[in-house]
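Read off the chains here:
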Amino acid sequence: MLGAFLAVAYALPFAVGIYTESVFFDLQWLADFTTVLLNGFMQGGVYAMFGAGLTLIFGVMRIINVAHGETVMLGAYMTWSAFFGLGVDPLLALFLTLPLAFVWGWFVQKVLLNAVVGGPELTPLLMTFGLGLVMIHVVEAIFTTDFRTIPYLPDALRLSENISVGRNRLISFVMATVISCGVYIFLKKHRIGKAIRATAQNADVAMVCGINIFHIYMITSGLAAALAVAGGALVSIQFGFNPETGIFYTLQAFAIIVLGGRGNFIGAMIGGVMLAVMESMISFMVPNGTAMVELAAYGLMIFVLLIRPRGLLGEKTD
Amino acid sequence: MAMLELRNIDAGYGRIQILHDVTIDVSEGEVVCVIGPNGAGKSTTFKVIMGFINYLGGEIRFEGEDIVGKRPDQILGYGLGYVPQGRIVFNQMTVRENLEIGAYIERDAKKVKDAMDYVFTLFPRLEERQKQLGGTMSGGEQQMLAMGRALMTRPRMIMLDEPSLGLSPRFVTEIFNKILGLAKEGITIMVVEQNAARALEIADRGYVLELGRNRYEGTGQELLGNPDVRRMYLGG
Numbered sequence: 001m002l003g004a005f006l007a008v009a010y011a012l013p014f015a016v017g018i019y020t021e022s023v024f025f026d027l028q029w030l031a032d033f034t035t036v037l038l039n040g041f042m043q044g045g046v047y048a049m050f051g052a053g054l055t056l057i058f059g060v061m062r063i064i065n066v067a068h069g070e071t072v073m074l075g076a077y078m079t080w081s082a083f084f085g086l087g088v089d090p091l092l093a094l095f096l097t098l099p100l101a102f103v104w105g106w107f108v109q110k111v112l113l114n115a116v117v118g119g120p121e122l123t124p125l126l127m128t129f130g131l132g133l134v135m136i137h138v139v140e141a142i143f144t145t146d147f148r149t150i151p152y153l154p155d156a157l158r159l160s161e162n163i164s165v166g167r168n169r170l171i172s173f174v175m176a177t178v179i180s181c182g183v184y185i186f187l188k189k190h191r192i193g194k195a196i197r198a199t200a201q202n203a204d205v206a207m208v209c210g211i212n213i214f215h216i217y218m219i220t221s222g223l224a225a226a227l228a229v230a231g232g233a234l235v236s237i238q239f240g241f242n243p244e245t246g247i248f249y250t251l252q253a254f255a256i257i258v259l260g261g262r263g264n265f266i267g268a269m270i271g272g273v274m275l276a277v278m279e280s281m282i283s284f285m286v287p288n289g290t291a292m293v294e295l296a297a298y299g300l301m302i303f304v305l306l307i308r309p310r311g312l313l314g315e316k317t318d
Numbered sequence: 319m320a321m322l323e324l325r326n327i328d329a330g331y332g333r334i335q336i337l338h339d340v341t342i343d344v345s346e347g348e349v350v351c352v353i354g355p356n357g358a359g360k361s362t363t364f365k366v367i368m369g370f371i372n373y374l375g376g377e378i379r380f381e382g383e384d385i386v387g388k389r390p391d392q393i394l395g396y397g398l399g400y401v402p403q404g405r406i407v408f409n410q411m412t413v414r415e416n417l418e419i420g421a422y423i424e425r426d427a428k429k430v431k432d433a434m435d436y437v438f439t440l441f442p443r444l445e446e447r448q449k450q451l452g453g454t455m456s457g458g459e460q461q462m463l464a465m466g467r468a469l470m471t472r473p474r475m476i477m478l479d480e481p482s483l484g485l486s487p488r489f490v491t492e493i494f495n496k497i498l499g500l501a502k503e504g505i506t507i508m509v510v511e512q513n514a515a516r517a518l519e520i521a522d523r524g525y526v527l528e529l530g531r532n533r534y535e536g537t538g539q540e541l542l543g544n545p546d547v548r549r550m551y552l553g554g
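From first to last, the protein sequence lines are chains A and B.
Mapped onto our numbering, the consecutive letters of the first sequence carry residue numbers 1 to 318.
Mapped onto our numbering, the consecutive letters of the second sequence carry residue numbers 319 to 554.
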């Protein structure tokens, strides 16, 4: 059922493209299409990374963190400040911003969210909603609502005569993949990572095994914030941003984890790539497509929830 | 001196009191079983020791130390392991990972390895299945895994909540034999059971709880021979 829906969803941009005569299937078009798919796929690596942060929070604490996109936005501003304020290369700045992000996530968990985990689901939802608004307004007060950009390796890397990828996009993809794999290996192999997975599966039994779950919650939130801030750094070198950009990333992150299966790390990886490819196809083939891109996230999320709420890899218990 | 002492425990969920003035002693090396009908407060007794539920009054001491108000994750550190009801294992983790989680508080890799070997000697089936996901094992195997996990820090005492619940008769016998084996090694055991007759057979002493209060206590044989206990809890 979900497969059929996705097939239709991915065929739809083609149909619209053919109908509006913007799809040609000649050599030049195919090369452009390949370029678009490649760029979408690489963008997907970055989506996957911050999507994984959201899925981690949900999986471990069953909390819906709607301030996740604002943390992405915060990451973009942190990178911007490091670049223009301190003259630090945006990628080197990760060594500074990621530890800060971890501390931020840890702190938010300790002060706000630990008090409401396990209670009614609405409380953390509203709490993070409020937190997101506060973050927007604070950033706005400091940086104004102007759009910012970071000029970083904007030239394209030619793979063949007609196919090219942005150098900044390629680097973002590589960084995102390295970071995502790092977190995955940490969860799989490290003692704390195993404790995080155990807590996600059954918090009561994790406690019986001597795991301080509130400590695990703080580490999880720290990791999720670091993934979001890394995402912010990597989008900031490709796209303009302002304090309200975060809302868009929150939405994307939700679409990603719903598609992949809430709480499933690999699912978030797949969901991230699938969403980004879909977005790139829409913006390429549908007239006025860049304005329609947000439809991909909304549409996918709504229909997946309707057809198969647990997503591609999620557990049935939802 | 009693290893675990519960003195006049009152406890409950929220404002609903379940345990009233419950007193239980477990001496070092003993197998003590707690039986009683549904709703007698058997599992609740474990939950209050572990710090999972609201404690209202009374004393809880383990090896002389007051453990009232400790968080559930702190209890294991005292040398008191707990196997919750329903053979709960981490379904999406392998047998080996489940055991590693059991040893979470042990930072010495050598000790973890020794404990793993010890558990594999006790439950050879776990060694054969160490790469299998916990959730794909049979009920009896999961119960063994849950017990093995609780033994990974080599606790001096373990508490087992309904270890035979929902198991096939063959596994029930096997599980009770394993419990006896642990007792022979000097591990103090407190077990809550629906299967009262089987539990009393292996127990040194037993307590009967009813509606959250102490009703009878005595050696396993005394309780098995007590006509009231036989009539009410042993079905004849």
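Treat the hints as calculated values from the structure; they're not laboratory data.
Heads up, a few of these hints could be off.
[What the hints assert, rightly or not] Looking from chain A toward chain B, a few residues come up when the C-beta cut is under 10 Å (computed): (1) 4; (2) 12; (3) 14; (4) 62; (5) 134; (6) 161; (7) 164; (8) 194; (9) 195; (10) 204; (11) 215.
[Claimed, not checked] Distance condition first, Cα-Cα at most 20 Å in a straight line; then the derived DMTMM-like pairs of lysine to aspartate or glutamate: (12) 429/B with 503/B; (13) 189/A with 424/B; (14) 496/B with 519/B; (15) 388/B with 492/B; (16) 188/A with 415/B; (17) 502/B with 348/B; (18) 189/A with 426/B; (19) 496/B with 323/B; (20) 388/B with 89/A; (21) 188/A with 424/B; (22) 189/A with 415/B; (23) 388/B with 426/B.
A virtual CB, placed ideally from N, CA and C, is assigned to each residue, including glycine.
Going down the list of hints, with the structure as the test:
no., hint, in the structure
1, 4, "violated (28 Å)"
2, 12, "violated (35 Å)"
3, 14, "violated (38 Å)"
4, 62, "violated (16 Å)"
5, 134, "violated (31 Å)"
6, 161, "violated (48 Å)"
7, 164, "violated (42 Å)"
8, 194, "holds (6 Å)"
9, 195, "holds (6 Å)"
10, 204, "holds (7 Å)"
11, 215, "holds (9 Å)"
12, 429/B with 503/B, "holds (18 Å)"
13, 189/A with 424/B, "holds (16 Å)"
14, 496/B with 519/B, "holds (14 Å)"
15, 388/B with 492/B, "violated (34 Å)"
16, 188/A with 415/B, "holds (10 Å)"
17, 502/B with 348/B, "holds (10 Å)"
18, 189/A with 426/B, "holds (17 Å)"
19, 496/B with 323/B, "violated (25 Å)"
20, 388/B with 89/A, "violated (48 Å)"
21, 188/A with 424/B, "holds (19 Å)"
22, 189/A with 415/B, "holds (9 Å)"
23, 388/B with 426/B, "violated (24 Å)"
Of the numbered hints stated above, those contradicted by the structure are hints 1, 2, 3, 4, 5, 6, 7, 15, 19, 20 and 23, listed in ascending order.
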